[in-house]
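Engineer: Need the complex rebuilt from these two chains, each delivered in its own frame; the hints are there to steer you.
Chains H and Y are the protein sequences, given in the same order. For reference, each letter of the first sequence is one residue, going 1 to 161 in the numbering used here. For reference, each letter of the second sequence is one residue, going 1001 to 1413 in the numbering used here.
Because the hints were derived from the structure by calculation, they are not lab data. It is possible that part of the hints are untrue.
[Said to hold, decoys possible] Under the rule of at most 27 Å between Cα atoms (straight-line distance), these lysine-lysine pairs were calculated in the DSSO-like manner:
#, chain 1, residue 1, chain 2, residue 2
1, H, K139, H, K95
2, H, K95, H, K133
3, H, K80, H, K139
4, H, K80, H, K95
5, Y, K1019, H, K133
6, Y, K1372, H, K139
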Amino acid sequence: MAGLEDLYREIILDHYRAPRNRGELPVPPAHQVEGYNPLCGDEIVLYLDIDDGVVRDVRTGGQGCSISQASTSMMSAAVKGLRIEEARQLIRTFKALMSIHESKLEGETDGEDGATLDGVRLGDLEALQGVVKFPVRIKCATLAWNTLEQGLDEAGQPQPA
Amino acid sequence: MSAAPLDVARVQADFPILKRQVHGQRLVYLDSASSSQKPTAVLEAMDHLYRESYANVHRGVYAIAEEATAAYEGARARVASFLGVPSPSELVFTRNVTEAINLVAQSWGHANLHEGDVVVLTDLEHHANIVPWHILAAERGIELRWVPLTEDYRLDVSHLDALLDGAKLFAFSAASNVLGTLNDVALLADAAHAAGALALVDAAQFAPHRRLDVTEWGADFVGVTGHKMLGPTAIGALWARPELLDTMPPFLGGGEMIRDVSRDGFTPNEVPWKFEAGTMPIAEAVGLGAAVDYLEALGMDAVATHETDLTAYALRALEDRFGDRLAIYGPRTTERRGATISFLFEGIHAHDISQVVDEHGVCVRAGHHCAKPLMRVLGVPATTRASFYVYNDESDVDALVEALAAAERFFAI
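Bound-form chain Y, shown alone (with noise of 0.2 Å):
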């Protein structure tokens, strides 16, 4: 834990991309909600392993393939502790959350879920929590229910035991990617285990931004993407208990997964490795490696009190600078609220807002947010969203909101 405050002009020395100029204009990277900028430790630390110490990992017995793989074990080690993950070999490497749920979904689903079965969603899941789940109710008939938001933007937890009866699994996010919202999540673990079903945590935007420990929060499936938290893409993992990985079964069949393979069967390898077919992305774990020290160094808290503040101020200044001609779809205060501003011009679509801040240098995505249930929810097509992260400062808000009301003046009617 570290009490310093995050000196935001060191962190961005520390991110090459942040220097470059587009449309002649300093770059504003207000999109990290849907894949975060990369230090230069982490390019590094891919570098130096495919120029030093490359090779595939668990297989060669000679001097760089025992380098390779206890880099990528290493690896394993340090997102485990950044985690919170008690033992390294509870912690599956996988693409990213999306593979995370799949995963659940194909092995422990298979295993444990049969028509009539409960899962209970959320009303602002990602797409990587529902459709997984969609994919199983198609062939083995199970029931999804889905908790409702209340009208500040968080999840209505006052029919949460009824909607959880007879439940075998309740999957939800530790925090929307649309809205903002952070969840309580170890409330709803309990409530889940209270009703006797598990609890799995999409933690793909809590994870960049929280320090994050799967023990504390009392999940049993907890799962983060690497390319949100300042590592590289194709490169996730999925934290589960020990009896649930050692129970469940293999997922994608291949090399590395096995204990032993012969004509009439196989034996599947010791967890994690059990689902782990095929060469891994070998450097880009070692990436992720390096981005959760780097995060580690920065302080997690210090990364949380600096977001929250910048939020605060971007709050602040969207209102005192469009007041009630742009709508927030996220809770107007910093209480249990990150870095994600969901906003949208009553008259003007988040693509042409999109299009015009982008000529100011400023980077923000418009559309559906991979989250089309919860715009059915809002009752709009899309919403133009500005995430905030640790090389983000009050310059970046202020080119937003000059940005904006460029856009605003050119769409007027």
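Isolated chain H (complex conformation) (with noise of 0.2 Å):
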């Protein structure tokens, strides 16, 4: 059975307690995109400051739980300086870990040098993997990366092919 420490560890309330990156953006040049979570109230937005087809900065605000608001922590982390094709497929990474089945999790993403998936690295990422064993809290964790995507899509940037 999912023990507690399994969805709490200790990196996501880390980030909970000290979330990175909070903060605003002056709009425009940065891009500001709202995401929402109809189900429980949580709500992110994101300032996103994208140039020359590069994430250069992101600052996050809103309110949630803390599984929402260290997974857009992480989220804010992991992205700042990626390319936007590099961003979207950390955002399909991460929306790949949350629908592996809980019976395929334990050895799926260990990796020799970190946890890797379809060969991206996750990084701290990784500790969002025990939310698969809770699923009603998957919408709190990958509210970040919907709105992440929706926000590179209203930013105007290239769709990859």
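Structural biologist: Okay, here's the thing in structure tokens:
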């Protein structure tokens, strides 16, 4: 049976207590996008500074549970400096992580030098994989990523082929 | 009326689910405001119907069809009696209060509400008593007005007459599903009538917990939900004054609700069957009949006393243990208050609290409780909610307090 320590890993609580990249960026040039989880009332705001195909800076706002806030913080740290296509690949990878069935979780993402999935290094994000064992919380973890995807779309960035 | 106090240990023995464990802990079920657990008597009544007397109702002339019809209509009579409804023909079975209110909005509303007409709601309504009126507002251009709350989480009736001025309908809850507040239904219904409006009461959170008599309330429409009052899901009821039911057009069209159908049209059936299109949830109605029998046997005065005592104990226990760190959204005394307690810890999200207390076997609800306008008034995205019923006792409150203390330690910043 899944225990609380599977869900609330120390690194998640750390991001929750000390969220990275909180704040705002001037709009424009930054792009602002809001994400909302109607079921639990969580809401996040992302400010994306996208220049020359690169996510130069990310700032986040909003409120929500520890999982949605930690995931937002981790996402902001992970995508800063990535090229658009790399950011989109990371979104796909993270969503894949959230759709792995619990029974296949063990070992699936364990690598020699940190977890990878589809060749993408997950780093801290791996800590969120335990969320899969708590299906109603998956939407908390994916909120930031869906919002980022929406933001990249809205910012008029080219979709990958 | 029963003078005997509630024997909670005996009540608990009637609920099979309370014997199970979750996460290796005793199940402490504190989410009855969302849906109650079911006693053996309800399970057996439904099982018996399916095993011994099941057939469609009002159709066959064979023995088991007669038995099923008698069981279904017998359930209607028992639920009517439980709610103080003068005649069973005034009670329409619906899926729940949501369907009951949609029925009123689509049937009575379509026939009686036109552009510019006013429907008055309150700030503590469940979405079930908001969205049907929003739909009508979008369709018909009716105006919605809202009765605000006071600082102690009660309806502010100081400007009620002005809000009701010119209104056609005042639709309000008897009890808040978030705050625990019990409204003065008779006063509100009188105010509606004084303004020339009808009164609709959402009694979903009241009927399970207090003796309800629709004639004493003096309202025009009252809806209840079976699964919150020990009955099965998908069965509830709408009572309306018979002269209203007689003139209201049908809601859903289909079998059972007609007297005659031709290529040219149809003649509706008599009430209440005019509003019961298609095969109804027969076993569920029988289950609800058994549920109100069970509540009658406990005695609704004994139920109310038990819940009031338990609420007082819980409010005191939460305050003693957590003080100002825990904000309670609702009246702080048991005066005109039910056994639903919403709260938040400063800096800890309702979902995180709910997740950690689950580890201790404690089931509480976290979220907006289908009352988003109220959440906006309270200025919070969500609350944690513990709600108590006939099978809960002080040890459940103690378990909640210990689990909350563990959650507070877990998320300590």
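Engineer: Decide, hint by hint, whether the structure agrees.
Structural biologist: Taking the hints in turn, this is what the structure says about them:
no., hint, result
1, K139/H x K95/H, "holds (10 Å)"
2, K95/H x K133/H, "holds (15 Å)"
3, K80/H x K139/H, "holds (22 Å)"
4, K80/H x K95/H, "holds (18 Å)"
5, K1019/Y x K133/H, "holds (25 Å)"
6, K1372/Y x K139/H, "holds (19 Å)"
Consistency with the previously given hints is maintained throughout, with no hint failing.
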